[in-house]
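Chains as they are written, first to last, in the numbering used here: chain A, 1 to 701; chain B, 1 to 105.
Mixed in with the good hints, there may be bad ones.
To be verified - From the structure, some residues in chain A lie toward chain B, with a derived Cβ separation under 8 Å:
(1) His377
(2) Ala379
(3) Gln678
(4) Arg681
(5) Ile682
(6) Gln683
(7) Leu686
(8) Val687
Bear in mind the hints are in silico, worked out from the structure with no lab data behind them.
Since the model is a prediction, treat every value here as computed from it, not as a measurement.
Where is the CB? At the ideal position from N, CA and C, for every residue including glycine.
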Amino acid sequence: METSIATYALILLLPFVGFVVQMFVGKRLPRGGDWLVLTAIAVPLVLSLGVFFRALGGGAFTEGPFVWNVSDWLRTASLAPTGWTLAVGIQVDNVTAMMLVVVAGCSSLIFLFSTGYMAGHPRYSRFFGYLSLFAFSMLLLVLGNNLLVLYVGWELVGLSSYLLIGFLFEERVVPPDINPSAASKKAFIVNRVGDVGFFLGILTIFLVTGKLGYAEVFASVSGGAFGQNTWLLTLAGILLFCGAIGKSAQFPLHVWLPDAMAGPTPVSALIHAATMVAAGVYMVGRLFPLFTPDALLVIAYVGAITAFFAASIALVMTDIKRVLAYSTVSQLGYMIFGLGVGAYSAGLFHLMTHAFFKALLFLASGSVIHATHHALHHAHLEWNPDTGENDAQDMRNMGGLWKAMPVTFVTMAMATLAISGVPFTSGFLSKDMILGGAYAFGFIQHPQHFLIPLLGFLAAGMTAFYMFRLLFMTFLGKPAKGEEFGHHAHESPWNMTVPLVGLAAFTLWFWYNLDPTTLVGYGWVGRFLAKPATLVGSSEASEMVLSHATHEAHLPGMLLSLLFAGGGIALAWWKHTNGTVSLEAWRLSGSRLYRLLANKYYVDEFYQETVIVLTMTVSRISGWFDAVIIDGIVNGAASVQVAFSWVSGKIDKFGVDGLVNLLADFVRTTGDEVRQMQTGRIQNYLVFAVMGVIVLFLVIR
Amino acid sequence: MGLHAYLVVSALLFSMGIVCLVTRRNAVAVLMGVELMLNSANLNFVAFARFGRVGQAGLAIDGQMFAIFSIVVAAAEVAVALALVLNIYRNIRTIDVDEADTLKG
Chain A
1 METSIATYAL
11 ILLLPFVGFV
21 VQMFVGKRLP
31 RGGDWLVLTA
41 IAVPLVLSLG
51 VFFRALGGGA
61 FTEGPFVWNV
71 SDWLRTASLA
81 PTGWTLAVGI
91 QVDNVTAMML
101 VVVAGCSSLI
111 FLFSTGYMAG
121 HPRYSRFFGY
131 LSLFAFSMLL
141 LVLGNNLLVL
151 YVGWELVGLS
161 SYLLIGFLFE
171 ERVVPPDINP
181 SAASKKAFIV
191 NRVGDVGFFL
201 GILTIFLVTG
211 KLGYAEVFAS
221 VSGGAFGQNT
231 WLLTLAGILL
241 FCGAIGKSAQ
251 FPLHVWLPDA
261 MAGPTPVSAL
271 IHAATMVAAG
281 VYMVGRLFPL
291 FTPDALLVIA
301 YVGAITAFFA
311 ASIALVMTDI
321 KRVLAYSTVS
331 QLGYMIFGLG
341 VGAYSAGLFH
351 LMTHAFFKAL
361 LFLASGSVIH
371 ATHHALHHAH
381 LEWNPDTGEN
391 DAQDMRNMGG
401 LWKAMPVTFV
411 TMAMATLAIS
421 GVPFTSGFLS
431 KDMILGGAYA
441 FGFIQHPQHF
451 LIPLLGFLAA
461 GMTAFYMFRL
471 LFMTFLGKPA
481 KGEEFGHHAH
491 ESPWNMTVPL
501 VGLAAFTLWF
511 WYNLDPTTLV
521 GYGWVGRFLA
531 KPATLVGSSE
541 ASEMVLSHAT
551 HEAHLPGMLL
561 SLLFAGGGIA
571 LAWWKHTNGT
581 VSLEAWRLSG
591 SRLYRLLANK
601 YYVDEFYQET
611 VIVLTMTVSR
621 ISGWFDAVII
631 DGIVNGAASV
641 QVAFSWVSGK
651 IDKFGVDGLV
661 NLLADFVRTT
671 GDEVRQMQTG
681 RIQNYLVFAV
691 MGVIVLFLVI
701 R
Chain B
1 MGLHAYLVVS
11 ALLFSMGIVC
21 LVTRRNAVAV
31 LMGVELMLNS
41 ANLNFVAFAR
51 FGRVGQAGLA
61 IDGQMFAIFS
71 IVVAAAEVAV
81 ALALVLNIYR
91 NIRTIDVDEA
101 DTLKG
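Could you put together the complete structure from these sequences and hints?
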């Protein structure tokens with residue numbers, strides 16, 4: 001194959017060059033350097049598409065992935081006898097090719113959107129620098145061929161996420177009632193919790209196998225590196241999955257993602273919806289062969305609980321971005337439990353389709369917010385951060401926007417159909433695959449785990465409801481803020497609508513599978529993203545059972561998912577026709593369930609009362625210990641030293657100085673006495689001389 | 001009258017010179033004391049030359065020679081000393097030796 005390392009080096013390094021140039025000279029470039037960053041992501045996109053189509057059409061990676069290692073990286077003599085190897089390099093196979101297209105594609109469109117959305121911001125060029133850093137980190141994450149590079153990329157996307165969430169750091173509070181700098185810290189710290197687990201998982205793998213490269217680790221594990229200690233492999237798998245819990249915002253570490261909406265909307269679209277949060281899913285997919293059935297079961301449960309839990313919260317959110325944030329958490333849960341139940345291709349497929357339609361949803365919501373903000377401003381309705389009045393992101397302030405913003409409306413409607421799993425959309429294909437896999441796993445193979453598919457189907461119904469609720473509240477009905485508001489709302493400029501249309505194209509079914517019902521087959525996806533064999537605890541027979549069950553589950557799974565999705569949409573439509581789609585009546589009724597959902601199951605409060613209070617208590621105790629015991633010891637030592645010095649000073653002053661002064665005094669006194677003889681009178685001297693002579697005379701005689 | 005008498009006179013003369021030298025405050029008087037002492041030494045020279053044992057042959061006038069030499073030296077000394085006194089007078093407008101105590105320690 002003709003793709004060489006130069007292609008991948010270009011894909012990886014162009015965004016990095018963009019980042020460095022933006023950081024140092026971005027401000028001085030014409031137009032803040034946005035054209036440069038756009039070029040630095042568009043070229044990788046073209047190259048990625050080349051790689052992707054060669055892989056899809058030409059089967060470029062059927063005989064194994066493209067691997068390139070940095071030679072002589074950290075070759076130390078001390079590692080040689082242990083048999084441990086540390087190599088750094090890149091690896092490209094079908095999964096990587098797909099991720100390259102997703103990352104570069106979403107990034108390109110969202111960068112273009114940002115040129116409109118962020119226009120006029122004082123740190124315009126810096127924003128694009130951060131975006132470039134993110135693109136570089138994410139590409140590094142997907143291109144790496146070992147756990148070390150994965151981890152480095154993992155932390156770098158975390159860093160860029162932190163920088164971008166807190167991008168509006170000078171604002172005390174942004175809608176919906178979030179402090180950006182606090183939100184960025186929260187995201188960073190919550191991710192640390194997961195990353196500690198991830199790091200421990202990597203260490204476990206490294207300590208047992210002595211390898212970090214994916215291929216080497218897999219070879220080592222299938223060669224029996226863990227021996228009979230399957231529990232250790234399970235533990236390593238769960239620890240690695242902790243990283244995904246943090247990064248992909250799974251329950252119980254999902255709390256950072258809704259707050260991450262404090263970042264500008266393109267950031268929410270790119271990082272907190274389409275790509276970075278999918279890194280956890282990518283990681284689970286990439287290391288899929290390592291996970292034992294037990295670990296996969298944990299993964300499936302976490303994913304299913306997250307999917308259901310987040311979807312239920314999204315039901316009652318009134319902030320458009322919060323609805324989408326919880327929807328993202330929920331959809332990530334889908335991917336995770338898709339992987340967990342063994343529907344490997346489905347999980348990664350959903351990653352791709354979700355990246356496109358969720359990015360679209362966020363960008364469209366950005367467009368809506370842009371317009372609402374503008375219209376509220378011109379209708380002289382200013383946002384009041386204290387009461388939350390006239391919030392440009394609150395769906396209760398919108399309504400009837402479809403006439404003013406036709407492009408946004410149509411594209412957002414397409415994305416809504418896709419996320420709800422309506423046939424002829426990408427979301428239908430991928431979600432159907434996941435739910436079919438879950439049906440096979442939970443209802444046919446392991447009836448004791450019926451909860452996983454049940455939660456999945458319920459979440460699907462809720463997803464359809466809250467997404468249509470969002471659509472109806474935003475675009476249909478009458479403008480909530482009166483006709484004047486309606487007149488001022490207008491469509492966004494071309495550089496914001498073009499990305500919407502571009503992303504909307506990918507919500508259609510035919511890109512992925514010419515058969516919109518998946519009754520005949522899964523299209524290229526199942527072949528392209530073929531499931532790798534599990535290394536431990538899986539046999540030929542169980543694989544056969546699974547594939548048979550999947551086949552059997554396909555039709556009922558699809559019908560059930562259609563039923564739930566249709567139910568959700570119908571409920572939303574019915575609520576819309578009688579004017580209660582905003583669920584205001586439910587809120588005002590003071591229902592306990594509503595309050596539970598609106599307060600997000602009190603997870604943040606729970607953390608406040610347990611983790612934070614505990615941390616604060618420990619900190620206070622440590623502080624007390626430091627202030628009283630440590631400082632006491634230090635101050636005590638200091639006091640002893642002071643006392644000793646005082647004594648030493650006294651000895652010096654009175655002992656040593658005393659001797660010296662005594663000598664000086666003696667000399668002075670003697671001198672004073674003796675100088676009396678030096679009268680200066682010659683006659684006195686003569687008297688002395690004569691007397692001396694007399695004495696000498698007497699003595700000598 | 002032998003050597004003894006001369007020596008007594010000489011000793012008295014020397015003692016008076018010393019007393020004059022030590023007690024007088026007038027610088028010129030002090031110089032006179034010095035002259036007395038010098039002359040007592042001259043007297044000794046002459047006396048010892050007359051009565052003391054001399055060489056076997058020749059005329060023994062060593063003492064007289066020394067006395068004359070010493071008188072010449074005394075004359076030179078007085079010239080220098082008077083110049084000193086004159087300079088003292090010029091500097092401190094007095095020849096009282098008690099006043100000239102610049103070297104007092």
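Hint-by-hint comparison with the structure:
| no. | hint | in the structure |
| --- | --- | --- |
| 1 | His377 | violated, 101 Å |
| 2 | Ala379 | violated, 107 Å |
| 3 | Gln678 | holds, 3 Å |
| 4 | Arg681 | holds, 5 Å |
| 5 | Ile682 | holds, 6 Å |
| 6 | Gln683 | holds, 5 Å |
| 7 | Leu686 | holds, 5 Å |
| 8 | Val687 | holds, 6 Å |
Hint violations for this structure: numbers 1, 2, all remaining hints satisfied.
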